[in-house]
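J.: Chains as they are written, first to last, in the working numbering: chain B, 1 to 436; chain P, 1 to 436; chain H, 1 to 436; chain L, 1 to 436.
Don't read these hints as lab results, they were simulated from the structure. Treat the hints with caution; some may be incorrect.
If several chains are the same, the list does not tell them apart, and a pair holds so long as it fits within one copy or across any two.
Below are the DMTMM-like pairs computed for lysine to aspartate or glutamate, each with C-alpha atoms no more than 20 Å apart in a straight line [what the hints assert, rightly or not]:
1) K411 x E109
2) K410 x E399
3) K240 x D59
4) K256 x D201
5) K20 x E381
6) K240 x E203
7) K220 x D404
8) K81 x E92
What follows is the residue order along each chain.
4 protein chains.
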Amino acid sequence: WDGEFFPGIPKINYEGPKSKNPLSFKWYNAEEEILGKEMKDWMRFSVAFWHTFRGTGGDPFGAPTKVWPWEDGTNSLDMAKRRMRANFEFLEKLGVDKWCFHDRDIAPEGNTLKESNANLDEIVTLAKELQGTKIHPLWGTAQLFFNPRYMHGAATSPDMAVYTYAAAQVKKAMEVTHYLGGENYVFWGGREGYQTLLNTDMERELDHYATFLQAAADWKKKIGFNGTLLIEPKPQEPTKHQYDWDAATTASFLRKYGLIGEFKLNVECNHATLSGHSCHHELETARINGLLGNIDANTGDPQVGWDTDEFLTDISEATLVMLSVVRNGGLAPGGFNFDAKLRRESTDVVDLFIAHISGMDTLARGLRNVAKLIEDGTLAELVRNRYKTFDSEFGSQIEAGKVDFETLEKKAFELGEPRVASGKQELAEMIFQSVL
Amino acid sequence: WDGEFFPGIPKINYEGPKSKNPLSFKWYNAEEEILGKEMKDWMRFSVAFWHTFRGTGGDPFGAPTKVWPWEDGTNSLDMAKRRMRANFEFLEKLGVDKWCFHDRDIAPEGNTLKESNANLDEIVTLAKELQGTKIHPLWGTAQLFFNPRYMHGAATSPDMAVYTYAAAQVKKAMEVTHYLGGENYVFWGGREGYQTLLNTDMERELDHYATFLQAAADWKKKIGFNGTLLIEPKPQEPTKHQYDWDAATTASFLRKYGLIGEFKLNVECNHATLSGHSCHHELETARINGLLGNIDANTGDPQVGWDTDEFLTDISEATLVMLSVVRNGGLAPGGFNFDAKLRRESTDVVDLFIAHISGMDTLARGLRNVAKLIEDGTLAELVRNRYKTFDSEFGSQIEAGKVDFETLEKKAFELGEPRVASGKQELAEMIFQSVL
Amino acid sequence: WDGEFFPGIPKINYEGPKSKNPLSFKWYNAEEEILGKEMKDWMRFSVAFWHTFRGTGGDPFGAPTKVWPWEDGTNSLDMAKRRMRANFEFLEKLGVDKWCFHDRDIAPEGNTLKESNANLDEIVTLAKELQGTKIHPLWGTAQLFFNPRYMHGAATSPDMAVYTYAAAQVKKAMEVTHYLGGENYVFWGGREGYQTLLNTDMERELDHYATFLQAAADWKKKIGFNGTLLIEPKPQEPTKHQYDWDAATTASFLRKYGLIGEFKLNVECNHATLSGHSCHHELETARINGLLGNIDANTGDPQVGWDTDEFLTDISEATLVMLSVVRNGGLAPGGFNFDAKLRRESTDVVDLFIAHISGMDTLARGLRNVAKLIEDGTLAELVRNRYKTFDSEFGSQIEAGKVDFETLEKKAFELGEPRVASGKQELAEMIFQSVL
Amino acid sequence: WDGEFFPGIPKINYEGPKSKNPLSFKWYNAEEEILGKEMKDWMRFSVAFWHTFRGTGGDPFGAPTKVWPWEDGTNSLDMAKRRMRANFEFLEKLGVDKWCFHDRDIAPEGNTLKESNANLDEIVTLAKELQGTKIHPLWGTAQLFFNPRYMHGAATSPDMAVYTYAAAQVKKAMEVTHYLGGENYVFWGGREGYQTLLNTDMERELDHYATFLQAAADWKKKIGFNGTLLIEPKPQEPTKHQYDWDAATTASFLRKYGLIGEFKLNVECNHATLSGHSCHHELETARINGLLGNIDANTGDPQVGWDTDEFLTDISEATLVMLSVVRNGGLAPGGFNFDAKLRRESTDVVDLFIAHISGMDTLARGLRNVAKLIEDGTLAELVRNRYKTFDSEFGSQIEAGKVDFETLEKKAFELGEPRVASGKQELAEMIFQSVL
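Work out the full structure, taking the sequences as your base and the hints as a guide.
T.: Below you can see the structure in the form of structure tokens.
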């Protein structure tokens, strides 16, 4: 393969909201300062290698649909290298300086673990070179779900040999992430869960999972990798019940096993809604538990019960996502990856660009809306005002845990029937909509 | 009101599976020994006062439908006393020696908290007398959701006066539960949650909630009440998001705020399915976290998105519920309450008995099935066998947390590609069905 | 009650998008012309009497929360008259000239049907007077679900006496709607459905339902009422399965029983999402079946499994709703009612105005977006282009039903493997977002 | 490949409920007479070729897991023949004399349609020979969803060339089904639906779909095929909205386009629950519309939002399914196919047998329960009794459509307030459970 991968596609530039050019940013202006930071520093966008370069369009009912011109139909090392070059051209044209990967989507699995490791090393060496000085991974991870050996889970497989194999694979993936200058390392528990409790010892599996993660955290220190370790909650799919169901479940697990200081969360919006929560709820839950580390800023379909991994295009949702990010003071060393894929039926190379531009612009538009919301100030004031009685002296003592039931009862007799104020939800919604 | 409340209804007796008499037990035989315990000691059934004696059949689209002969249409103290006597006749005829209550469903709320307390005292005195020596509450609780003052929550209300009022109400409810010999005290966070994050400071509300529960745990010790404190998870309804979403969320909360030793869970099956889990999953999650304290053994409709609180009639579900109970070594000092209500359209007095008999029989049938499952042994063997590699020396070391990634990698190279065994789910399901 | 009901509230005026005044329209400018019609003629807004004037804030877990100053706590005829006057002041201040009602929410039910009819007549006489020449009902309906007599359904009750009673009630409700100049009459099958198939003869109930609706259509003609008859689909709640599940189910029913020319649909957005469809899907399904008659423009919560009847504030949704309306050439003689209620916790009188303004503005903003979309033209072109092969000669013959399998097979051999174009979903979403 | 495919597996025999042998029937006794028919004639079981012989265990997150000894890793004609022989050995050992297939799962797709047809002919010739005199297809169908050409649908593709290709493929599939003695022909609208309405002309697509089906019905007559044409409803997956959403939607479509006499429905239980209905509801809806033709007797997971296609093992569900079948007087010329697959993690050859035995036994147990229910008679009596007022003279006239609103009103005044009877749901559930 010679020359450009995307010959007809120019560098994507910011042209502002009035532009009709699909290959331009209307809202994302990387160097523009918003709320005291350049947009690119709020967003910290990365491209997900697996969806963008390994997504085939296959689904449970159909064969692959993508016929990218640079693909030769093989899973060879040569093909892996060519794909990696396409990735870096894509990053450059999109103006994104971070990427994410699973070990097995960048390099082919070999016949043995050693061979797989060697393949990985070869590709990683090339990636390192292509990265240059400006580009590096937002995060890396190990793919522990595709190969049949992991069909019952990896760290939670009932088979000790699988646990062992998985540990070796994660060890290597952490090492290459470190080598490439990755800022985080992610655990998505692909098949860490169960299909039926009838054949499962859930307690034992969870114990194994904790032991595995502890060993990973130990290894991180051993090799001097300073990146954040992230767990990505998902409620189900492929398993009926994934152990990292949602932010709260994962927090409970981390607390139970003494892992709370070692890990943060990578919250995915589509996973959030599959678990019965809004994305904003999951982000806020992670944030107030000190666990908000990274965001998979995709979206699902509210009427669909599986992970559709769509690029986020909802303005309201994007505004709420960015609200959590701003409250969190940003996400660094984490950031955004899309974990979003082209629809199966979108088969033009240019669709890859349109989709990413759309996702980036939507989040950028969300950030601009948050700035308007903060500048306006009315909504924050409405919320603060609702809790003002707790800012009183007695309220502060309650919050400090200094007031016992006897004192509270005495106070209740004294205060008589409370006069409860309106929750003003419709007003809050009106104010929120006014910045969209 | 003179004489019997249920004149046509005899004491319900065990007549065995072949009986066609709706007013008999076909599976529940209180004194029969199963798995080393009398059935009644496994089950520890209680009747829920609120559904059985205060359920009106009203729903969001319709007026009350029940016209019980003993009701006079008032919410007077006299009516409350009459109702309490009906309760004890019901318990006796059903052969159940435990009951559960909310403060406000047994005694009318007064114009002031003092008046409400006085009303409660009067009814509780009568209940104490009617209890005699054999009957007592499985648990009591405070109703912190019906009165408009609690519309934004009780312990999580943004209004300090409401927090204060709620504390006084819980204090009193704990005291009367203790006085009546109650074995547990339940917190169902009726409106502890939010309707929209736009007007809510979730972090501050959760902090308040923890402070409140800590004060409750302190008060328990102060008054010498030895009952278990239980939190009842529910994902949503009435609020869009309830803070005690499910067992894992509640465990996370308890761990975060250092409350883990003070509280257990009251798991409700209908709440389980509303949160996207099977009831068995929630029970097992509670159990392996050492938190399984009590069960609301009702059921919902798998196609319906709200709490229907039906009496459990599914044999398979009941068998799984009892499997968790047996694994837990029973539930004492907790037990079963039904938290189930007659359908709105079931308006005959006898329907109250039929529903309870059906619910009790279904769980009893479940227990008998568990005994068969254990006696058969095949399923347990299938599960044990799946994990046997971890019983090896290396497996044990892994489980002990003694094996680091370097050692695991070495072992992985040594072991080569794992040969993963079939999960045998269909066989497990076949064995399970064979005991139903 | 003397003087104004809403003394602090001015007539709501259009102030444009930059206004920060909650009591102004930012997008709805009644007389402004959009796409060839004045906004008010596209929207045909009406106020729903039941939610706005009879909504109490009660829910299955809590007592009423609203304490409107004009309410005296009774359900008297005098109170009904006062409320009706409040309704007309509300309409006037909001600048809306249509309203909707259930018979029983405007006038109290009496002890007998005759008394109920007399009460209704008295209130309707007042309403007629208050309407003057500019105001009239968008539609009326009979409330056939609140009273316990309807607990098993009305037209589908297993009890003939209930069917009979319901018919009498609908007869009267149609007559008063006609008398008031109502433009439509709605059937919402409150409890026309089942709780369990175990006790239900679904076929017989559906036959009864059809017979009932045929009699209603006959009566309409008999009394010279020219309004449209509308059925409002809802999938479930209060029953487990409502017979008018969704637009397609209702269309099937109408076709089976030969009622297709007599009825149209009143599509509700919240009901749409509860049935697993987007609101836009339901509107389009109704439209292409020639059945789109009226819209309940509310919204639910995508994570909540029951009818929350919120005012629509989602811009994207509103744009899709208005797209269907524009394609339909408007809704007349139907229009919009909100079927939306204040949140239980919104207890200020002014919240009633804020909520309605928000709902009206959101739809108006949607209409403005549709105008932009149409002016831009790109999206329509994208769609048209996808089907262009069917505009060929052979394609037209296929569409005319003139091409048999043999000819198609021959053509297929001739054409060889089709080259299928990209679906361009991401581009379509980008274009759509650009007008929001 | 020489000799047996399943060397260790004996012919599966009926051994009765006490047998512990997984490779025996406990409830299905083919020649035993139940309710006046041999069990096999009620059940009319068939094996689904695609799941049983082409199911690989692959899922969206993982590679194939099945390594059947007879597979050589190719998709050759030789492999197709070997597989077909395995199919017939499987049928024989299981004691099932019907099978179902998609054209493309029995024979490999060629480079052209002609080549595909030739491949199909070669395999079908072998199948015809292997069938002998006792075996034949319950139904055949064309696979119109796997190949990328069908990514936007087949009959509803926006591309005329795809419509044409699909017609040619269906023509051939109908012909080979006829040749093999198939009793039915199924249309499962794999991708007949949409991913987003933004790029879709739903009305035009539905028109095309109807035209296509009409041409299919015409072709059926032309070739003298007397089998029933069946449409299989599914709400979504792979598309966001499938046009054949559920039984009612499909009935509406058939009625709108005048196809109602030409097609029946193939109801799948897992599709039923995905569409928000119970399987029993869908079966009854099909039945009372005269459309119940065939059943895909699988099951989903009530907590999972996608099609899991599990073998049915729920006794209660199976009893309800068989209740509909018995009410329908059986399913002939339709029957049961399982459309169920081994779990991905079930990788032993014997699991194929266990799964089928389990599914067959569960339905057989359901049939036995229905016989008990009918013999008992109490439940049917309870239902009949609920509607008895309609058996009166006035009730019969209502049912005959002879009573107008005026007469009904007069009658209502006469009858006064109806006294509505209890719905007895709990009793109905108790009776139902007693036969399980």
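J.: Evaluate each hint against the coordinates.
T.: Taking the hints in turn, this is what the structure says about them:
no.	hint	result
1	K411 x E109	between (69 Å within a copy, 19 Å between copies)
2	K410 x E399	within (17 Å within a copy, 53 Å between copies)
3	K240 x D59	both (18 Å within a copy, 13 Å between copies)
4	K256 x D201	within (18 Å within a copy, 26 Å between copies)
5	K20 x E381	between (38 Å within a copy, 15 Å between copies)
6	K240 x E203	within (16 Å within a copy, 31 Å between copies)
7	K220 x D404	between (45 Å within a copy, 11 Å between copies)
8	K81 x E92	within (17 Å within a copy, 51 Å between copies)
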